[in-house]
Amino acid sequence: MAGPAHPEAMAPPKPGRTRTAPPQMPSTWWSSPRIRTYLLFDATGIIYFLVGFLAIKIVGQLGAGPIAWQAQMKALENPIYILFHVVALASVIFVAVRFFRLFPKAQPPAIGPAKPPPGPVIHAGLYVLWIGLTLVVSLALAGVIF
Amino acid sequence: MSTTEKTIVISRFDPDKDEAPYTQEYQVPCDPSWKVLDAVNFIKDELDATVSHRWSCRMAVCGSCGMMVNGEPKLTCKTALDEYGDRVEIEPLANFPVVRDLVVELDGFMHKFESVKPWIKRVKERAEDMENFNEKGTYSQSAEELGRFKQFSMCINCMLCYAACPVVANEPEFLGPAAIALGHRYNLDTRDEGTEERHEIFRGEGTVFSCSYANECSEVCPKGVDPAAAVNQAKFGAVIDWAKGLVLPRAPHAAD
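Protein sequences, first through last, are from chains B and R.
Position 106 of the first sequence, counted from 1, bears residue number 105 in numbering that gives the first Met the number 0, the numbering being contiguous throughout.
Position 72 of the second sequence, counted from 1, bears residue number 71 in numbering that gives the first Met the number 0, the numbering being contiguous throughout.
You may find that some hints are simply not true.
[To be verified] Label pairs and their in silico Cβ distance ranges:
(1) R:D106 with B:R33: 26 to 32 Å
(2) B:K73 with R:L247: 55 to 61 Å
(3) R:D81 with B:E7: 55 to 61 Å
(4) R:S152 with B:F98: 53 to 59 Å
(5) R:L46 with B:D41: 31 to 37 Å
(6) R:P31 with B:W29: 22 to 28 Å
[Claimed, not checked] Here are the computed lysine-lysine pairs in the DSS-like style, where the Cα-Cα straight-line distance is at most 25 Å:
(7) R:K5 with B:K114
(8) R:K77 with R:K5
(9) B:K114 with R:K243
(10) B:K114 with R:K43
(11) B:K104 with R:K16
(12) R:K43 with R:K5
(13) B:K114 with R:K77
(14) R:K116 with R:K16
(15) B:K104 with R:K5
(16) B:K13 with R:K222
(17) R:K149 with B:K104
(18) R:K43 with B:K104
[What the hints assert, rightly or not] One-sided excerpt, in silico: chain B residues whose CB lies under 7 Å from chain R:
(19) A1
(20) G2
(21) P3
(22) A4
(23) E7
(24) T17
(25) M24
(26) W29
(27) T36
(28) L39
(29) A139
Don't read these hints as lab results, they were simulated from the structure.
Positions of the beta carbon are idealized from the N, C-alpha and C atoms, including for glycine.
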């Protein structure tokens, strides 16, 4: 039914007078839908880790000259890279949705005399900001603006 | 009223006899109105008097009867048995050392609790110098000021949040949701002058920044305290306090 947790989890500061069994955690702790969402949330860090390496590689190729840059751009057309970027985009959306849901309640009740707006307003505002910035950057990269 | 027989599986451990916990099954005729605690009490009263468990108020205000029910931390006096099928597995709260059967060691929690200085701390010595002091000799606090921390004062120390927290399971030094929520409660209290001191505690190892915002503590909290909100508000406060400390002189710490 249960497996071991860290052997010193919730241990008293000095040993008690009675021998205790070590702390346990449910052996099926990973199967709860909430925990799976949380583990997936944390696992997206691996994607960002790989994105970081790819970004460094691309910048390196940019500095290596036009031939290296063209070769890198050609390599990025490989279906493996495209699939990786689709997964990265999905993980960004997933993390953003979860983060935006939890962000409002992490706000302090007041900063000096100023109170933050209500939770739903913050929640909606985050989406407006995200989508707005994405549009601006996309249009800028496409050469439509700036 | 007709009863339904359920198999109640209880984790057993006697420190004088057993090397490790084991499970024991009981066939219990359960009334449809029963809570999980009623089944455990029936087992102790009618089937096996050696089963040890904690309980007290039976109305979800004392926090004594927290146990793992089918792998989820629950207050057993508040959890209806009808929510479960024919087999119900009851274990002691996860992440705590087990004293006996369903009873866990609490000293570790009490130590973490005390470390956040969960009391009103005052710096000024003369009552007349204290802010909000009025002619009746009491501190004035508006309803709005009370509203800022009231939610976090509703904690009944049931420790379900500790049983649910994945960080508690893996980092023994982590203060944990309830202790941090309580420290944050006093930080938000306008009568308190120990905020800087608590924020210094919160910037230490194993405190607020160990939280990874799994939000499990708030999901299992039976009183709607939302400790995840408190911990993450405390992160913000600790950082702001650190930044202020770079440019502003620190106020003297209040005596304990």
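Here is what the structure says about each hint:
1. R:D106 with B:R33: 26 to 32 Å: holds, 30 Å
2. B:K73 with R:L247: 55 to 61 Å: holds, 56 Å
3. R:D81 with B:E7: 55 to 61 Å: Cβ of D81 (chain R) to Cβ of E7 (chain B): about 38 Å, so the range 55 to 61 Å is violated.
4. R:S152 with B:F98: 53 to 59 Å: Given range 53 to 59 Å: violated, Cβ gap about 28 Å.
5. R:L46 with B:D41: 31 to 37 Å: Since L46 (chain R) and D41 (chain B) have Cβ atoms about 43 Å apart, the given range 31 to 37 Å is violated.
6. R:P31 with B:W29: 22 to 28 Å: Violated, at about 33 Å.
7. R:K5 with B:K114: Given pair K5 (chain R), K114 (chain B) is violated - Cα atoms ~52 Å apart, limit 25 Å.
8. R:K77 with R:K5: The hint holds at about 18 Å.
9. B:K114 with R:K243: Within the cut-off at roughly 19 Å; holds.
10. B:K114 with R:K43: violated, 52 Å
11. B:K104 with R:K16: Judged against 25 Å, a Cα distance of about 48 Å means the pair is violated.
12. R:K43 with R:K5: holds, 16 Å
13. B:K114 with R:K77: violated, 36 Å
14. R:K116 with R:K16: Roughly 39 Å separates the two Cα atoms, so the pair is violated.
15. B:K104 with R:K5: violated, 40 Å
16. B:K13 with R:K222: violated, 31 Å
17. R:K149 with B:K104: Roughly 15 Å between the alpha carbons, so the hint for K149 (chain R) and K104 (chain B) holds.
18. R:K43 with B:K104: Violated, at about 42 Å.
19. A1: holds, 6 Å
20. G2: Since chain R brings no Cβ nearer than about 10 Å to G2 (chain B), farther than 7 Å, the hint is violated.
21. P3: violated, 9 Å
22. A4: It holds, given that the least Cβ distance between A4 (chain B) and chain R is near 4 Å, below 7 Å.
23. E7: holds, 4 Å
24. T17: holds, 6 Å
25. M24: With a minimum Cβ separation of about 4 Å from chain R (threshold 7 Å), the hint on M24 (chain B) holds.
26. W29: violated, 10 Å
27. T36: violated, 9 Å
28. L39: This hint is violated: L39 (chain B) lies away from chain R, its Cβ roughly 12 Å from the closest one there, beyond 7 Å.
29. A139: violated, 32 Å
Violated hints for the displayed structure, listed by number in ascending order: 3, 4, 5, 6, 7, 10, 11, 13, 14, 15, 16, 18, 20, 21, 26, 27, 28 and 29.
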